[in-house]
Amino acid sequence: MKRLLKGGRVVDPVNGRDGAFDVLIDGDRISRIARNIPADGAHVIDVPAGFVVCPGFIDMHVHLREPGQEHKETVATGVASAVAGGFTAVACMPNTSPINDNAGVTEFILKKAAEARRARVYPIGAVSKGSNGEQLADIGELRAAGCVAISDDGRPVRTALLMRRALEYAAMFGMPVLDHCEDPSLKGEGVAHEGYQASSLGLRGIPGVAESIMVQRDIALAEMTGAPVHICHMSAAESLRAVREGKRHAAKVTCEVAPHHFTLTDEALAAPVSYDTNVKMNPPLRGTADREAMVEGLVDGSIDAIATDHAPHHYDEKKVEFDQAPFGIVGLETCVSIALDRLVHPGLLGLPRLVELLSVNPARILSIPGGALTEGAVADLTVLAPDLQTVVDASKFRSKSRNTPFDGWHLRGSVAATIVGGHTVYVNELAEGAARFE
Amino acid sequence: MTTRIETPVQPQSTVSTLRHKDLLGIADLTPDEIRLILDTAEAMREIGYRPIKKVPTLRGKTVVNMFFENSTRTRTSFEIAEKRLSADTLNIAAATSSVAKGETLVDTAMNLEAMAPDMIVLRHASSGACHLLARICRAGIINAGDGMHEHPTQALLDAFTIREHKKQIAGLKVAIIGDLLHSRVLRSNVQLLTKLGAEVWVSGPPTLMPPGIERDGVHRTTSVEDAVEGADVVMLLRVQLERMQGTFFPSLREYFSLFGMTCERLRRAKPDVIIMHPGPMNRGVEIASEVADGPYSVILEQAANGVAVRMAVLYLLAGGVEHEAAA
Numbered sequence: 001m002k003r004l005l006k007g008g009r010v011v012d013p014v015n016g017r018d019g020a021f022d023v024l025i026d027g028d029r030i031s032r033i034a035r036n037i038p039a040d041g042a043h044v045i046d047v048p049a050g051f052v053v054c055p056g057f058i059d060m061h062v063h064l065r066e067p068g069q070e071h072k073e074t075v076a077t078g079v080a081s082a083v084a085g086g087f088t089a090v091a092c093m094p095n096t097s098p099i100n101d102n103a104g105v106t107e108f109i110l111k112k113a114a115e116a117r118r119a120r121v122y123p124i125g126a127v128s129k130g131s132n133g134e135q136l137a138d139i140g141e142l143r144a145a146g147c148v149a150i151s152d153d154g155r156p157v158r159t160a161l162l163m164r165r166a167l168e169y170a171a172m173f174g175m176p177v178l179d180h181c182e183d184p185s186l187k188g189e190g191v192a193h194e195g196y197q198a199s200s201l202g203l204r205g206i207p208g209v210a211e212s213i214m215v216q217r218d219i220a221l222a223e224m225t226g227a228p229v230h231i232c233h234m235s236a237a238e239s240l241r242a243v244r245e246g247k248r249h250a251a252k253v254t255c256e257v258a259p260h261h262f263t264l265t266d267e268a269l270a271a272p273v274s275y276d277t278n279v280k281m282n283p284p285l286r287g288t289a290d291r292e293a294m295v296e297g298l299v300d301g302s303i304d305a306i307a308t309d310h311a312p313h314h315y316d317e318k319k320v321e322f323d324q325a326p327f328g329i330v331g332l333e334t335c336v337s338i339a340l341d342r343l344v345h346p347g348l349l350g351l352p353r354l355v356e357l358l359s360v361n362p363a364r365i366l367s368i369p370g371g372a373l374t375e376g377a378v379a380d381l382t383v384l385a386p387d388l389q390t391v392v393d394a395s396k397f398r399s400k401s402r403n404t405p406f407d408g409w410h411l412r413g414s415v416a417a418t419i420v421g422g423h424t425v426y427v428n429e430l431a432e433g434a435a436r437f438e
Numbered sequence: 001m002t003t004r005i006e007t008p009v010q011p012q013s014t015v016s017t018l019r020h021k022d023l024l025g026i027a028d029l030t031p032d033e034i035r036l037i038l039d040t041a042e043a044m045r046e047i048g049y050r051p052i053k054k055v056p057t058l059r060g061k062t063v064v065n066m067f068f069e070n071s072t073r074t075r076t077s078f079e080i081a082e083k084r085l086s087a088d089t090l091n092i093a094a095a096t097s098s099v100a101k102g103e104t105l106v107d108t109a110m111n112l113e114a115m116a117p118d119m120i121v122l123r124h125a126s127s128g129a130c131h132l133l134a135r136i137c138r139a140g141i142i143n144a145g146d147g148m149h150e151h152p153t154q155a156l157l158d159a160f161t162i163r164e165h166k167k168q169i170a171g172l173k174v175a176i177i178g179d180l181l182h183s184r185v186l187r188s189n190v191q192l193l194t195k196l197g198a199e200v201w202v203s204g205p206p207t208l209m210p211p212g213i214e215r216d217g218v219h220r221t222t223s224v225e226d227a228v229e230g231a232d233v234v235m236l237l238r239v240q241l242e243r244m245q246g247t248f249f250p251s252l253r254e255y256f257s258l259f260g261m262t263c264e265r266l267r268r269a270k271p272d273v274i275i276m277h278p279g280p281m282n283r284g285v286e287i288a289s290e291v292a293d294g295p296y297s298v299i300l301e302q303a304a305n306g307v308a309v310r311m312a313v314l315y316l317l318a319g320g321v322e323h324e325a326a327a
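As given, the protein sequences belong to chains A and B, one line each in that order.
Just so we're aligned, residue 1 is where the first sequence starts under the numbering used here, counting upward by one.
Just so we're aligned, residue 1 is where the second sequence starts under the numbering used here, counting upward by one.
One or more hints might be untrue.
Claimed, not checked - Non-contacting residues of chain A with respect to chain B, defined by C-beta distances greater than 10 Å in every case (computed): (1) V14; (2) R35; (3) T159; (4) G205.
To be verified - Derived DEER-like restraints, expressed as beta-carbon distance ranges: (5) B:D226 to A:G68: 49 to 59 Å; (6) A:G68 to B:S251: 42 to 52 Å; (7) B:S251 to A:A271: 49 to 59 Å; (8) B:A114 to A:G408: 28 to 38 Å; (9) B:E225 to A:G68: 52 to 62 Å; (10) B:T222 to A:G104: 33 to 43 Å.
What the hints assert, rightly or not - Derived pair list, reagent style EDC-like, types lysine to aspartate or glutamate, alpha-carbon separation capped at 20 Å: (11) A:K318 to B:D107; (12) A:K319 to B:E103; (13) A:K129 to A:E168.
Hint data in this document are derived by calculation from the structure and do not stem from the laboratory.
None of the values given here were measured: they were computed from a predicted structure.
For glycine and all other residues, C-beta sits at the position ideal for the given N, C-alpha and C.
Go ahead and model the full structure; you've got the sequences and the hints to work with.
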């Protein structure tokens, strides 16, 4: 079956497109992009004015919790959440139970993803067996089973030597190592950004340097080995400085930032609700200078990707003392609205740059399909309603969990529809005209 | 030990009620509310001098003391205060509660709440534990110390003690010396003393200095001598080894030699300086025995005043004057 998207604004930086184009989808592929394509028997969808058609967004850092923690999220609910947030693909971290350190777990995740038939799922394998920082996991086997990268996320790659070996070994398969950068001794028992807010609330601090010191280690090793390293959920200004320096020296370093780190600061610890466990994440919300640095990095190109670090937790687990609560918040269903409201509408960056951050670069870093609306490529598309006034309502999330600090936020811009492999997998009922994509 | 002061401090507050359900921290109080508590404590203290140390003010009210951390002074002080006001009291300690069986704090509190207590006095090792309960309980929550955050009744009794000796707090130089980082007493005292206009100096090893403490309007220094110079009040804080993760200073011996309060260091203070310590003291660590037991020490008065101050807090949170009118 052919479908013709007519008259929308197409933003496709890889192919240099930003303007009114028609997109012809044939089966699961994009068959043509041009101005004024004749219908020629195709089902015509008149794209509502103001909507924007983009290559499908890819969230390269999510936790789907299955196997092992299905009370928080399953692959099925996770990918339902993903498409509702405009993501046509996600890369899921290996810190499940058991850890995704062998082909059996990878195959299980992919089987669940195939059954769910929503977003594409790209598993990330563990760097070390059990992610315990000692023996390398069976990386070749993980690769063959479908893993696209390796990471011990949730914890850092423990030693410089293990990191070196992981970089060298994974580069053989063209896989990057994604590192959760954090010096365990500097983090200690910290639960919030080290600074005035944590101090006055009596919370143990985690300094920004706990992150940047390991970013610097990783970049040094990437330079030495010539292998690609990717810095996960960067939060500190010092880390960004190290990444910029590394890029200047042509180290193969890329990095991502999460929406909460370019939106919120540690002041959220005290207000509007003090000790709200939904502002507890790792790395923590940092100071104003750090937040501003993250925005600057997104604008000037030194940050490569926006990734949510979607970390669902059951409400019971968060309804405890602040220092007892698990780290992390859900992010899939708020990311695009936050990015549009906080980055695009204030004029900090244009839609083409946003598409780079959410689609082009994640596809490039992970060497996975997508990131461009190229003829013959899979028809993964995210359709935006950039001006739609949106109120975040956590009770309506597709995710199993609701741990978000953004509940009730008024944001301008949202997703209108999500198309994966030519099939519409999500339509935003609140976006007028989006039903045409059904 | 100094003798009882017979002329009470004149009332200084201009408000007559405390419009809060809970006492979570000094941060939530206005200067006038602080003065009201201190003035009320002044009246409450007299009850402790009577042959029959009991008034019917909180008759029929149930107060639960939940102490999830060890405490002698604070728990006893609250319990005496509650009994003097005729409240029905019960004590729950972590070791004997369902928490030891894995129940969450919220579940423990909700089950207690179902039995309709009027107030819960909570001590807990986690900062913000009282805020969590305050959001879900109808009962008033009184913070008896939460982690490294606040210990508001300690700061109130400290202020009461200072006021008794110095008549007012505004303009005094107060030096607070010790393990600042891990101290909830510090945080409450900084809030209270700066709100009432004292000049607060804090001193201790740089490794135990809370980040950004100067934003609270205090002077920070690693020189104990500078902190003590011309001080009206010197308050020592306990070195909390049990809260320390890793090494913060080389040895207790070196700590004492650099930061311990000795008679010699104390000579820099005003001649009528008072020495305070919230207890429990580590003699020979943050304070020399000669200072703790010396003529400037008001440490035992602090303990005595704790009862009156906690009576005032219980009374005011239960409704104060309005409560009596309704009864």
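Are any of the numbered hints broken by this structure? If so, which, sorted upward? Hints 4, 7, 10 are the ones this structure does not satisfy, whereas the remaining hints hold.
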